[in-house]
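Asks: Residue strings, one per chain:
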Amino acid sequence: MNGFLVTHAALWPLLVPVSGVAITTCLWNHPRAQRFAARATIALLFAAALLLLDTVIRDGVQVVRFGGWAAPFGIVFTVDALGAAMVAITGLLAAATMLFGAADIRRREERAGFHPLFLGMLAGVNGAFLTGDIFNLYVWFEVMLITSTGLLVIGRSRAQIDGALRYAVLNLFSTLFFLTGVALLYGATGTLNMADLARVVPRMEPSIQLTISALLLFCGFGIKAGYFPLFFWLPASYHTASITVAAIFAGLLTKVGVYACFRVFTLIFPLEGAGMREILAVIAAATMLFGVFGAAVQWDVRRILSFHIVSQIGYMLLGLAISTEAALAGAIFYVIHHIVVKANLFLIAGAIHRAAGTWDLREAGGLLRRNPLLAALFLVPALSLGGVPPLSGFWAKFLVIDATFRAGEGLLAGVALFVGLLTLFSMSKIWIEAFWKPALAERRCAGRVPAPMLLAIGGLAAVTLAISFLPEPFVVYARSAAAGLLDPAAYVAAGLAAAGGQ
Amino acid sequence: MHLLYAFALSLIAACGLYLALSRHAVSLIIGINLISAAVNLVIFYAGRIVTRAPAIIPEGEQVLAADAANPVPQALILTAIVIGFSLTAVLASIALQTWRRLGSLDLRRNGYAEALGSPFDGKGGRP
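Residue numbers (my numbering), protein chains in the order written: chain A, 1 to 502; chain B, 503 to 629.
Because the hints were derived from the structure by calculation, they are not lab data.
These figures come from a predicted structure and were not determined experimentally.
No residue lacks a Cβ here, since even glycine has one placed at the ideal position from N, Cα and C.
No false leads were slipped in.
Footprint (simulated), chain B over chain A, 3 or more residues, beta carbon under 8 Å:
#, stretch
1, 148-159
2, 166-173
3, 177-185
Based on the provided sequences and hints, a complete structural model is requested.
Replies: Rendered as structure tokens:
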């Protein structure tokens, strides 16, 4: 039994939420049972993700084949160190947001199908991290898109409907670009298995078909991840979602785009000598700058945080653009740190709203006196996002910027440092306006922050502190994941091995 | 034949893009559908267009005939069509809600998401 669990470790993080969707849909008219089933599913999902992480650390790349097809023909799940880490962090975030949602999700939203959509989105995200087949990756992107649109619009307010239309249409363009890129890639190479593509593409002559395919994939992932010229859908829609949903979107969805970029542009189209690196470097710098300046003029907490997602994506892209092992390791560390911190900041925004009765910072205030615990909990992710030592953001920024300097790109490193300063400015704005400033005379209905919210925020803050004070194992892990990306021999060998699993 | 096919599908994509640039939500959705139809045809083309045997294993044989058409793009397109259909359903339901709740399908007039938290208006509203 135990052996069976471990040999199919790559399957459970997908199978658990998919069965959860089925069960919660069947229990649509029994809200209490549905809620219980959803929570049990999330707990199982977290356990499955940890099992997968453990298995990958011990045994290396995990492969599951479907339908008994031989190596490059069927759909495979190929999980290496990067994929396993992303799945594990997804499990953690799902657990934290579900805990937060216990106090935040309204009965009406549950009746509208929150639980099945939430689990379906997690299935899509995990599927994207697990799969070793590029067309299958497209399918998971679409699963994510449909369920996340449903989640976005779940409160049926006017702003949500408007935001959801923008979100769905622009993301649909992203997946259409992606699909066209896959079609051209298939036409040129005749295979869809990523391990096989990694073997075939570098041996082929450079052709216009491959170039267009690479650019289309880049644009498709770019819209998903929110790169510089393509990020406009993100601040236009994320702030309309209910805060539990916004937190998990902010933590995971853009990072799936970043993950896909990491995967495709190291494995299939390595960046060296293709002229893409310079483009990528410029886009990374512009993403950082535009995101952080966009945040500087906003007064809505959620809007500020949405723009910061964009700016932080730039750092990850910078790591990919430099593309040395140290830089990639820094970028992977950055992704992991960022998912925890950013989701936590969104949860805190929800708690601020609960405590101050408004989203607008100018109308908030006095929280330091009324709610010192929340203020302390805000400082951990906020200072971490700004890159203050010794918090996790400092290590992440240090790794990326150090690798950038070592690669001789002083200007890019300068931009990254400058953006870090502006990030700190934005965070201090939230601090001053919401916490430090005395409360306004005519206060809106102000309430207490429920315990599950504080528990979820505290849990994620504890994870951030753990990464901050014990960065060594995380850095070592990120290095091994980066080495696996730059030298995909193990990934290719596992993905193509002729053993007839499943 | 190849040229004709390419022109036909680029025409479909162009019509789709034209409709997608419209300010009207329903034209937008139809436009996206046309573009995704064009993308499906690109996948079909990736499997090469030839007039050979269908991708069916004859009775008594174990493998496909050497001159059979490539079955993979057909499987891909089937998947893409199903996904496209469900996305259209989602978009159409959002458009319906837009019509019911916002009272207009003209996207220029619907700025409810933008109105929230803008630095230039006095009050940040609740969603």
